[in-house]
Amino acid sequence: MTKYALYPGCLIPYRLPSIEFSARFVAEKLDMELLDLPGHTCCPDPVSTPFVDNELWMMLACRNVSLAEENDMEMAVLCSGCYESLYEAYHRVKSDPEELKRINDVLAKFERNIKGTSNVKHIVEVLMEVLEKNTPDNPPLEGLKLAVHYGCHLYRGGNKKDKKMAILAKMTGAEIIYYGLENLCCGFPATQVDEKFGYTQRLLPKVKKISESGADLILTVCPACTIQFETGQMLLKKYGEDYSIPAIHLLELIALWLGADPDNMGLELHRSKLKKVIQDKLK
Amino acid sequence: MNNIEKLAGSLKLPVERLGQNFILKISSEKIRETIETIQESINPRFIMLAAEDFGEKYIFHYFFSAKSNTIEIRTSIRKKTNKIDSVKDIFPLAEFAEIECHELYGIRFGDNDNSGKVVIGVDIESPMKGMKDRPQPKYMDVLISTGCTLKLTGSVKKSRSRIGLDPEPAKSEENIVGKIKEAMEND
Numbered sequence: 247m248t249k250y251a252l253y254p255g256c257l258i259p260y261r262l263p264s265i266e267f268s269a270r271f272v273a274e275k276l277d278m279e280l281l282d283l284p285g286h287t288c289c290p291d292p293v294s295t296p297f298v299d300n301e302l303w304m305m306l307a308c309r310n311v312s313l314a315e316e317n318d319m320e321m322a323v324l325c326s327g328c329y330e331s332l333y334e335a336y337h338r339v340k341s342d343p344e345e346l347k348r349i350n351d352v353l354a355k356f357e358r359n360i361k362g363t364s365n366v367k368h369i370v371e372v373l374m375e376v377l378e379k380n381t382p383d384n385p386p387l388e389g390l391k392l393a394v395h396y397g398c399h400l401y402r403g404g405n406k407k408d409k410k411m412a413i414l415a416k417m418t419g420a421e422i423i424y425y426g427l428e429n430l431c432c433g434f435p436a437t438q439v440d441e442k443f444g445y446t447q448r449l450l451p452k453v454k455k456i457s458e459s460g461a462d463l464i465l466t467v468c469p470a471c472t473i474q475f476e477t478g479q480m481l482l483k484k485y486g487e488d489y490s491i492p493a494i495h496l497l498e499l500i501a502l503w504l505g506a507d508p509d510n511m512g513l514e515l516h517r518s519k520l521k522k523v524i525q526d527k528l529k
Numbered sequence: 007m008n009n010i011e012k013l014a015g016s017l018k019l020p021v022e023r024l025g026q027n028f029i030l031k032i033s034s035e036k037i038r039e040t041i042e043t044i045q046e047s048i049n050p051r052f053i054m055l056a057a058e059d060f061g062e063k064y065i066f067h068y069f070f071s072a073k074s075n076t077i078e079i080r081t082s083i084r085k086k087t088n089k090i091d092s093v094k095d096i097f098p099l100a101e102f103a104e105i106e107c108h109e110l111y112g113i114r115f116g117d118n119d120n121s122g123k124v125v126i127g128v129d130i131e132s133p134m135k136g137m138k139d140r141p142q143p144k145y146m147d148v149l150i151s152t153g154c155t156l157k158l159t160g161s162v163k164k165s166r167s168r169i170g171l172d173p174e175p176a177k178s179e180e181n182i183v184g185k186i187k188e189a190m191e192n193d
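If you read the sequences in order, they're chains A and B. This note's numbering puts the first residue of the first sequence at 247, with every later residue one more than the last. This note's numbering puts the first residue of the second sequence at 7, with every later residue one more than the last.
None of these hints come from the bench; they were simulated from the model. Please note that a few of the clues may not be correct.
Stated by the list, open to error - Simulated restraints on C-beta separations:
(1) H337(A) / L99(B): 33 to 39 Å
(2) A56(B) / L528(A): 26 to 32 Å
(3) K519(A) / E174(B): 24 to 30 Å
Unchecked claim - Below, a list of computed lysine-lysine pairs in the DSBU-like style, where the Cα atoms sit at most 30 Å apart:
(4) K521(A) / K163(B)
(5) K416(A) / K340(A)
(6) K521(A) / K484(A)
(7) K275(A) / K416(A)
(8) K340(A) / K187(B)
(9) K529(A) / K454(A)
(10) K185(B) / K361(A)
(11) K163(B) / K275(A)
(12) K355(A) / K340(A)
(13) K163(B) / K522(A)
(14) K18(B) / K347(A)
(15) K361(A) / K63(B)
(16) K361(A) / K12(B)
(17) K340(A) / K36(B)
(18) K522(A) / K483(A)
(19) K454(A) / K521(A)
(20) K164(B) / K519(A)
(21) K455(A) / K379(A)
(22) K18(B) / K361(A)
(23) K483(A) / K521(A)
(24) K442(A) / K416(A)
(25) K340(A) / K63(B)
(26) K522(A) / K164(B)
(27) K63(B) / K347(A)
(28) K521(A) / K187(B)
(29) K185(B) / K355(A)
(30) K454(A) / K442(A)
(31) K36(B) / K94(B)
(32) K527(A) / K164(B)
Stated by the list, open to error - Residues of chain B clear of chain A, computed beta-carbon distances all greater than 10 Å:
(33) N8
(34) G25
(35) E35
(36) E42
(37) F60
(38) T76
(39) D95
(40) E101
Built from N, CA and C at the ideal position, the CB exists for glycine as well.
Just chain B, with the same shape it has in the complex (with noise of 0.2 Å):
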């Protein structure tokens, strides 16, 4: 076991090893803390963080190097949320990475003013920022309430019901996509 693996069961964080890289998996509320014990103990180099739109969520991917290893703290918020701790008065580097975050989703970090712009033009618009939110197009409710964006043509009908099938599939409830959207948003 490594200092790693070894730092992870102190904090009883699950590891994941993918040969000399190392995934931590933690919530959210525990970011600082987290990153505090790992300067502490590793004294780690900061890369890079990023964050990834990955629908109602954002997930941040904090990357370090110590020796020969790369860490990786893994841990996302909802978009309702919008706001994680800055790390930048742990690993200063981190400040322009939560910029760069910051101006290309509007996510914030702790109370830090960025009101600026640093990363993207001071004239434009995120190129990222609500791209999810955006209304899906119509064949997306398609492909995930009905089962498919195929036609039940006459043809298969027909051969459906030579072989001794019903000519219909199973049919869904009507609309159960929108009705379980709105049953998350008003979770």
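Looking at chain A on its own, in the form it has when it is part of the complex (with noise of 0.2 Å):
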């Protein structure tokens, strides 16, 4: 069986706890442990933090992979932003001796230290190295529709993530449909300091050319970029726009195939009608 320390980040736990639910229930169909790791922060947030407290967000980020390698196991990463902040301050550390031995002195008054050891990875990762070995022959998702979204975290670190991203939705037996801007922001850090400006010009052309597409859901990696969709469709009425095409997790994706029961799951607590749409659609 194959371990990771699963780091699920905030949102997904306090907002979207049926991605979590769908991390667990993907891991035990793919013969996979995924290890709680208590005790840990945020990882911190990769966008403002680091401009705060350039410091703190290192030695915390650091603190949090401490976790995974005390158990020896690499990280499984649920969510985009932490797996940038916890991929960047890990690879700081491993390249560098002399950050290594400035951040271990100070976590060595926790007992605390950081050997650069294991690995961060990004769920989307794990997923291809365990499905590329043993792909389930689960009946596919025929006559679901998927616009695909990235989500611009996904793309540092290399790795071809995005790539790996649309391959493994694929598996599902779902339809990628193209739209264009598969590669924009979705405006998630914009909205926090300009909502006009992270609505109406990152998020509106793209709901705007994935409603014309015809696709049935936005597929995501990234809770943030999932609640943009969904919540900000929603606050885009008040620009006069109309939209609202759900949007659903690869996770949640690869559980529905996998068996996951849509009522099971607590897709209600999405902000849109995912819940209906996957039970109109995968009848």
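Hints in hand, dock the two standalone chains.
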């Protein structure tokens, strides 16, 4: 059985527990063990926190990875933003012995240390490794049309995770619809600073194109993007725009493919009609 | 390989190239040595020095142009140090930029006496100095300690239970941010 240290982040357990449910469901079906990491903190956020206090950002991220190292496990990260913070901080200490020493001098006061012997992996990488070796022959999710949204943070660190995301989605039998703006940011970070810009200049062009493409759902791998699409479409109404295409996280899609019951995975916590669309399309 | 890359090689410095722009990252102790070498070997034009407040440290960007290339020498100091060597005797134009950085952030350049004010008005405090030293709003601690600014609502707890998850996600140690900050300050 393959073991990973699970890092769910904050938005998934607090806002979209259906993704956490899906991660655990998929792990069980694919004979993977996801170990919880008690004591973990926020990643912290990769966009604003480093500019407020870069040292603290490094220290907290490295402390989180040290919890996985302590258990001799690689980290499986469910959120793309958390992945960027943890990957980048860990990469820095792995490639700079002075930085490693500096971080360890502080962590030693908490009887912790970081060695640089593990890996921080996005859940897309983890799933690809597992599913490439052993692809289940579950019935395909026929009739489901998906517009893929890769999300900015997935590109960082390389390793072609965006392509892997699409490959994994195709494994489920769902159809990927091209709409031309796959790589555009959803606008989540910008919305925190300038709501109008984030919604009308980033989100709106995407949902317009997705709507024209005839996709049933928007496929994401990041909870922040998921929330941006769903809450954002509701808030676009005040700018005179009416769109309501639900977003689905890749883990939820794979859980459905592997037999999860859409009535019992918490899909009603999405701020969209995701559950109804799934029930209608996968009758 | 052009002259700048050759020079970086001779100084054993990594160089990043972005089109016609070159970035050389150095430790702050080598600022004079590096800029002297650049002046002697390439004799570029000094464009600007900019300091950037990066929380625990200041980052310095020294910009030069040489033919169609720009060169940036990037270095940093910890705020506790608050001092870096002056290069105004190598590039006289740097003096004004050093004064500006001093007046905005309070950074000292060598043993220069910049007691007067040149860049900002004599009767006003620096708009930048110590900006990031002010106590952070409490929400920042929440943001980077508990994982989020969200409340775990009763309905989410119920939903988590209903789908077989623990009602409350794994908890963090209490006040871990405060403890780490304290440890960093005592380091």
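Restraint check for K18(B) with K361(A), where alpha carbons must lie at most 30 Å apart
It holds: about 27 Å lies between the C-alpha atoms, which stays within 30 Å.
Given the hint of 26 to 32 Å, is the C-beta distance from A56(B) to L528(A) inside that range or not?
violated (56 Å)
Please verify whether K522(A) and K164(B) have alpha carbons no more than 30 Å apart.
holds (21 Å)
According to the definition I'm using, a residue is off the interface if its beta carbon is farther than 10 Å from all beta carbons of the partner; does F60(B) meet that for chain A?
It is violated; F60(B) is separated from chain A by about 6 Å at its closest Cβ, not greater than 10 Å.
Straight-line alpha-carbon gap K442(A) to K416(A), limit 30 Å:
violated (34 Å)
Given the hint that K185(B) pairs with K355(A), test it: the Cα-Cα distance must not exceed 30 Å.
holds (10 Å)
So does K519(A) sit 24 to 30 Å from E174(B), Cβ to Cβ?
holds (28 Å)
Is the straight-line distance between the alpha-carbon of K522(A) and that of K483(A) 30 Å or less?
holds (21 Å)
Does K521(A) pair with K484(A) here, judged by a C-alpha cut-off of 30 Å?
holds (25 Å)
Pairwise hint evaluation, K63(B) against K340(A), where the allowed Cα distance is 30 Å at most
holds (22 Å)
Status of E101(B), Cβ more than 10 Å from any chain A Cβ:
It holds; E101(B) is separated from chain A by about 29 Å at its closest Cβ, greater than 10 Å.
Run the distance test for K361(A) versus K63(B): straight-line Cα separation, threshold 30 Å.
holds (25 Å)
The structure fails to meet hints 2, 5, 16, 21, 24, 28 and 37 from the earlier list, while all remaining hints are met.
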